[in-house]
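Asks: Let chain A serve as the given structure and place chain B on it in line with the hints.
Line by line, the protein sequences give chains A and B. If you read the first sequence in the numbering used here, its first letter stands for residue 9, the second for the next number, and so on. If you read the second sequence in the numbering used here, its first letter stands for residue 9, the second for the next number, and so on.
No lab work stands behind these hints, which were simulated from the structure alone. Hints should not be assumed to be uniformly reliable.
Intra- or inter-copy, both count: the list cannot distinguish identical chains.
[Unchecked claim] Computed cross-link-like contacts, DSSO-like style, restricted to lysine-lysine with a CA-CA straight-line distance of at most 30 Å:
#, residue 1, residue 2
1, Lys84, Lys195
2, Lys268, Lys343
3, Lys185, Lys195
4, Lys119, Lys343
5, Lys196, Lys303
6, Lys185, Lys14
7, Lys217, Lys153
8, Lys185, Lys84
9, Lys303, Lys153
10, Lys343, Lys84
There are 2 protein chains.
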Amino acid sequence: MPELRKDPVIGRWVIIAVERARRPKGFRPPVTMPEDGDCPFCEGKEACTPPEIFAIRKDGTGPNKPGWDARVIPSKTPILNVESEINRHGRGIYDVMGGIGAHEVIIETPKHIANIADLEETQIAKVVTCCIDRFVDLSRDERFKYVLIFKNYGWASGGGKVRHSRTQLIATPVTPKRVKEELVGAKKYYDYHERCIFCDLIRQEIQLKDRVVMDFDGFLAITPFASRFPFEVWILPKQHNCDFSTLSVENRLNLGKILKKVLTKLKMGLDDPPYNFVLHTSPFRRKKSKSSYWKTIEYDYHWHIEIIPRLTSPAGFEWGTGFYICPISPEETAKYLREVETP
Amino acid sequence: MPELRKDPVIGRWVIIAVERARRPKGFRPPVTMPEDGDCPFCEGKEACTPPEIFAIRKDGTGPNKPGWDARVIPSKTPILNVESEINRHGRGIYDVMGGIGAHEVIIETPKHIANIADLEETQIAKVVTCCIDRFVDLSRDERFKYVLIFKNYGWASGGGKVRHSRTQLIATPVTPKRVKEELVGAKKYYDYHERCIFCDLIRQEIQLKDRVVMDFDGFLAITPFASRFPFEVWILPKQHNCDFSTLSVENRLNLGKILKKVLTKLKMGLDDPPYNFVLHTSPFRRKKSKSSYWKTIEYDYHWHIEIIPRLTSPAGFEWGTGFYICPISPEETAKYLREVETP
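Excised from the complex, chain A in its bound form:
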């Protein structure tokens, strides 16, 4: 069974996913991209995946049959187990909890297309709808606090060997450390200024322009001021909103548009690099929660997407120190991306 363990010094939770463990001898330094395998995610191969949880389908088609536009399935190799219990307990000085959670895969297209950048905007809007549907459904499970929505594109990003565009989702009983740090930081700023820090940041970026990649139909794409990685891009809704799952139908399409534009710029300007993106949104907002960051979260937090192209082999001391070195300024990368022309 997987297990959640807490680092006793800094308090970070780690998933020890022993069920998907390889034997020690199975670990070898990363290798180059393997051959493309037989794709279980294409239309017509529904029997090769676990039964679907949700799908956007053409009228008259039934579950686990062809006729879908986007489809959500449980992960075949889940890193957390939905049938588990939280069961918080101590083990000597250490803290442990059951490796409970949900791990799902959103198959973004019935066609064998690798990069979400190559999908139609309306198709990306359907992927957003799948994410929101699953987010809302999982929020009803009181054991979960957060849903991580993320994408690994390309082998070097951890994208696996099947090149079929997909997003992953992991529901967890803890709020991820980085999101919690953002919640705490944003609250501190709000307590002092009575304004959302992200809204202030958006206003300043629009005014200065030099880190803006796109400003488009209610969304802003910027290279963040303190970028950790070259060509790191954040996409933020310009209107204040802490909770991704409340996105209107119109804004799902607008998000699809800017995502497609930005990812196409990365693809064309940087030779189709591997990349990851992660959605940062408010944890499930439940009234009975006692954490202090809940008091103002509606006003101080602001959901956004962080895109990280994998262009450099990061020096490991970044993991060991939390200290990042970005070898190019975000002003220069924003300028470069602005000038990449997309079809």
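Replies: Positioned in the frame of chain A, the structure of chain B alone reads:
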């Protein structure tokens, strides 16, 4: 000029190292290992490097000439600039400071050997002495708060294309985020228990044995309870000590012994993997510092080395969330490493 920029939400400092910037077009997805180049770090090539800052030399030999055992030089492509000023200032809502710092390279052997695991224990002790000498010297510069000592071994670890064993050192005007989190966490534990958390952890690990890789001449090597990465190993001095730079001559040799043993186990057991290590030690202890974590640091912090073999291509959401998934338990990897026999 390089610049230190602070993430306005979570407060993490990032180095924007524009001086070593490649052009945007110069970024491409990571490639495979290049050919071994002409090595500027070998004995006899002293003229190919910047003039040395410190060296352990045979009697009668002069600086920047052959006859050395270990040699410290400034980095040819420094990510921070020693001639700069701190110059803290705001830029709208953002915080900036000058990219001031020192970036040095410790050449660990005059011979063309790639892995520190292949050096003699006494030679590794000399490397430790170089680190301590530089640490003490840099601590006199009031602009600096911390010295990061780290190693990138192998191409995939960011080790560069010259395969000659070396350690890097970066003096910074800020305490790295992860070290600060440890200082804060360790202090919180001390405030409650009046004991060092690392000492408690060492006691428990020795008692339980299942995560101990080696227990040897005053040092303990363990796979940490909440390991982020497969085969992550920490080396800690068993006797409480917050400050690496106070290590006695005898313990420098003992550290050399356990480092050699552990890194040889990784090399032999895992097919010579790329790896990184990072030294975590107390920031420079200056009496006039006002930070609250200084009050008890002598009692609550405990220096150690974190070794991270690069065996998996990490999924990028770890950077986006601070949430790690370790695919194998530290108990299993410790057992495996214990059983690897070294010469």
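Asks: Are the hints correct? Go through all of them and say.
Replies: Structure-based check of each hint:
Taking the shortest Cα distances, Lys84 and Lys195 never come within 30 Å of each other, neither inside one copy (38 Å) nor across copies (42 Å). With identical chains, the CA atoms of Lys268 and Lys343 are at most 30 Å apart within one copy only, with a shortest distance of 18 Å there and 48 Å across copies. In this homomeric assembly, Lys185 and Lys195 come within 30 Å of each other (Cα to Cα) both inside a single copy, at 15 Å, and across copies, at 19 Å. For the identical chains of this complex, Lys119 and Lys343 are neighbours neither inside a copy (34 Å) nor across copies (45 Å), given an alpha-carbon limit of 30 Å.
Taking the shortest alpha-carbon separations for Lys196 and Lys303, both the intra-copy value of 12 Å and the inter-copy value of 25 Å come in at or below 30 Å. In the homo-oligomer, the alpha carbons of Lys185 and Lys14 lie at most 30 Å apart both inside one protomer (11 Å) and across protomers (18 Å), since each shortest distance falls under that limit. Taking the shortest alpha-carbon separations for Lys217 and Lys153, neither the intra-copy value of 36 Å nor the inter-copy value of 34 Å comes in at or below 30 Å. Proximity of Lys185 to Lys84 under the C-alpha cut-off of 30 Å is restricted to the intra-copy arrangement: shortest distance 26 Å within a copy versus 36 Å between copies.
In this homomeric assembly, Lys303 and Lys153 come within 30 Å of each other (Cα to Cα) only inside a single copy, at 16 Å, whereas the closest approach across copies is 36 Å. Taking the shortest alpha-carbon separations for Lys343 and Lys84, only the inter-copy value of 28 Å comes in at or below 30 Å, while the best intra-copy value is 41 Å.
Violated hints, in rising order: 1, 4, 7; the structure is consistent with all others.
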